[in-house]
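S.K.: Take a look at the letters that make up each chain.
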Amino acid sequence: MKQLEGEQTLMRIIFGESDHCGGRPLLDVLLELLRQEGFAGATALKGVAGFGAHSVLHTDKLLRFSADLPVVVEVVDNNDKVEAILPRLEPMLQGGIVTLERARVIHYQPGDKARR
Amino acid sequence: MKQLEGEQTLMRIIFGESDHCGGRPLLDVLLELLRQEGFAGATALKGVAGFGAHSVLHTDKLLRFSADLPVVVEVVDNNDKVEAILPRLEPMLQGGIVTLERARVIHYQPGDKARR
Amino acid sequence: MKQLEGEQTLMRIIFGESDHCGGRPLLDVLLELLRQEGFAGATALKGVAGFGAHSVLHTDKLLRFSADLPVVVEVVDNNDKVEAILPRLEPMLQGGIVTLERARVIHYQPGDKARR
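Chains as they are written, first to last, in the numbering used here: chain A, 1 to 116; chain B, 1 to 116; chain C, 1 to 116.
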């Protein structure tokens, strides 16, 4: 087992479960884009409640506790890679937010599969 | 599609699924409070396992792998808004933790709905 | 209700749902280790989609959108405790990543249970 350690960027993309892009679910489109661009990994978490994915300007009118649950897609990779993908996200997101944080990251590389 | 970008605060509130406040589920009370106070959005994630929501002092006795699953409520907003809500959370939380982090945040504002 | 506040470390361990360690699910082994080592709490979140838990080196070949969903285990505790556990994680993780971030943390201690 080898480890690669360093300072990287944690990007979180938060949007509504019902959001689409080009006729396809936004979640699928995002994961496909991230994989094609060579990101090491991505994790999609689905919320059980929430509000606001589409309601930056009109929270009161667009409250959706259960009608459109929030989805969070998390990516950890080097800062340049994350910066480069941001312009690609802009036309996809109809509402929602992206957060960017610096984090110390340790990548564990697959080694002896027999141990599993 | 317009973007609003800046440094904001990511607040995460972690508690037990069975926690209540004033006879109502804490999750509902929290989401209602956050919405009333004008937060742009909130996301509630439910854990599939965990321990410790009520066990800061007595972890060993209060281990609950499945009996009381953890819930995480995430909010991203400006620092003043987050600071102002903290005293309101204190009487609601019977155990649990709040984490606060600074993050670079990009808000995407709803534009042409026809694109969805 | 008492509060303990301070700067702590948020550790997130991300791996595949099917990962095992010593014949047992890695998630169970991790939660047991963290509890035994006296961590105040841990939260396990299961992804609904993702890729890359095992694919640091071979993302394209090992894409697993649904076959092996990602799991995120989150822990918040003091920095020394987190640093001390890192060498224990290394032999357990066959792929996956660990992220470490500093966060301001408020621990709420259980008080009057009658209020619940």
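Don't read these hints as lab results, they were simulated from the structure.
Misleading hints may appear alongside valid ones.
As the list claims (entries may be wrong) - Simulated pairs of lysine-lysine, DSBU-like, Cα-Cα distance not exceeding 30 Å:
| id | chain 1 | residue 1 | chain 2 | residue 2 |
| --- | --- | --- | --- | --- |
| 1 | B | Lys46 | C | Lys81 |
| 2 | C | Lys46 | A | Lys46 |
| 3 | A | Lys46 | B | Lys46 |
| 4 | A | Lys46 | A | Lys81 |
Said to hold, decoys possible - Non-contacting residues of chain A with respect to chain C, defined by C-beta distances greater than 10 Å in every case (computed):
| id | residue |
| --- | --- |
| 5 | Cys21 |
| 6 | Arg24 |
| 7 | Asp68 |
| 8 | Glu74 |
| 9 | Lys81 |
| 10 | Met92 |
| 11 | Glu101 |
| 12 | Gln109 |
This one's a predicted model, so the numbers in the text were calculated from it and none came from an experiment.
Just so you know, even glycine gets a beta-carbon here, dropped at the ideal spot from N, CA and C.
S.K.: With d taken as the least Cβ-Cβ distance between Glu101 of chain A and chain C, does d exceed 10 Å?
M.R.: violated (6 Å)
S.K.: Check the hint pairing Lys46 of chain A with Lys46 of chain B against an upper bound of 30 Å on the C-alpha distance.
M.R.: This hinted pair holds, its Cα atoms lying about 9 Å apart.
S.K.: Determine whether the non-interface label on Asp68 of chain A survives the test: each CB of chain C must be over 10 Å from its CB.
M.R.: holds (15 Å)
S.K.: Need the status of pair Lys46 of chain B, Lys81 of chain C: alpha-carbon distance at most 30 Å?
M.R.: At roughly 25 Å apart (the allowed maximum being 30 Å), Lys81 of chain C and Lys46 of chain B satisfy the hint.
S.K.: Classify the label on Cys21 of chain A as holds or violated, using whether its beta-carbon is more than 10 Å from each beta-carbon of chain C.
M.R.: Holds, since 15 Å exceeds 10 Å.
S.K.: Need the status of pair Lys46 of chain A, Lys81 of chain A: alpha-carbon distance at most 30 Å?
M.R.: holds (25 Å)
S.K.: Is Glu74 of chain A truly not at the interface, in the sense that its beta carbon sits beyond 10 Å from all beta carbons of chain C?
M.R.: Answer for Glu74 of chain A: violated, closest chain C Cβ roughly 8 Å.
S.K.: Compute the least Cβ-Cβ separation between Arg24 of chain A and chain C, then decide whether it is above 10 Å.
M.R.: holds (13 Å)
S.K.: Does the no-contact call for Gln109 of chain A survive, Cβ to all of chain C over 10 Å?
M.R.: violated (5 Å)
S.K.: Please work out if Lys46 of chain C and Lys46 of chain A have their alpha carbons no farther apart than 30 Å.
M.R.: holds (9 Å)
S.K.: Beyond 10 Å from chain C, beta-carbon-wise, is Lys81 of chain A?
M.R.: Fine: 12 Å to the nearest Cβ keeps Lys81 of chain A off the interface.
S.K.: According to the definition I'm using, a residue is off the interface if its beta carbon is farther than 10 Å from all beta carbons of the partner; does Met92 of chain A meet that for chain C?
M.R.: holds (16 Å)
Checked against the numbered hints listed earlier, the structure breaks hints 8, 11, 12; every other hint is satisfied.
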